Amino acid sequence: MVIVSKVLRQHYGAKPLPVNPRKLNAQLNAMLRVIGAPGRRWDAGLLLTDDKHIQFMNKKYRHKDKPTDILSFPNYTIQTPGVLPDVRGQDARYLGDMFLSLPYIESYCLHNGIQRIPLSYGLTCL
Numbered sequence: 001m002v003i004v005s006k007v008l009r010q011h012y013g014a015k016p017l018p019v020n021p022r023k024l025n026a027q028l029n030a031m032l033r034v035i036g037a038p039g040r041r042w043d044a045g046l047l048l049t050d051d052k053h054i055q056f057m058n059k060k061y062r063h064k065d066k067p068t069d070i071l072s073f074p075n076y077t078i079q080t081p082g083v084l085p086d087v088r089g090q091d092a093r094y095l096g097d098m099f100l101s102l103p104y105i106e107s108y109c110l111h112n113g114i115q116r117i118p119l120s121y122g123l124t125c126l
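Note that the numbering used here gives residue 83 to position 83 of the sequence shown, counting from 1, and the numbers run on in steps of one.
A couple of the hints might just be wrong.
In silico PhoX-like pairs for lysine-lysine, Cα to Cα no more than 20 Å straight-line [unchecked claim]:
1. LYS64 x LYS6
2. LYS52 x LYS15
3. LYS52 x LYS66
4. LYS52 x LYS64
No lab work stands behind these hints, which were simulated from the structure alone.
Since the structure is predicted, the reported quantities are computational estimates derived from the model, not experimental observations.
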């Protein structure tokens, strides 16, 4: 599920966001279907935020007092790459949460000629 934070909406004001949250949600769900075992649906959270919020989280959880593009907080420790944990029930099939700083990513992309955000990278960190 993709959530746009209130601070991010305030950051952009009347300007449109550089990404479409609905399309991003569809892409996230497509990637989750690809990695899931047949007949099992996995989920993950994605919060779109700003540099100040992600810097606060980066300092709190990684002890780095600077903004970053993405932070991932996995719900499980994956023992074997590509093998999801064997869990029972839909509630247990939650991989974790990702936080993306859209202003940071937008700036990085502009300076490096990149047009995609690192959602797939964040998902691999879960």
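Evaluated hints:
1. Restraint check for LYS64 and LYS6: the C-alpha separation of about 24 Å exceeds 20 Å, so the hint is violated.
2. Restraint check: the Cα-Cα separation between LYS52 and LYS15 comes to about 19 Å, which is no more than 20 Å; the hinted pair holds.
3. A threshold of 20 Å between alpha carbons decides the hint, and for LYS52 with LYS66 the separation of about 9 Å falls inside it, so the pair holds.
4. For the proposed pair LYS52 and LYS64, the alpha carbon gap of about 13 Å is at most 20 Å, so the pair holds.
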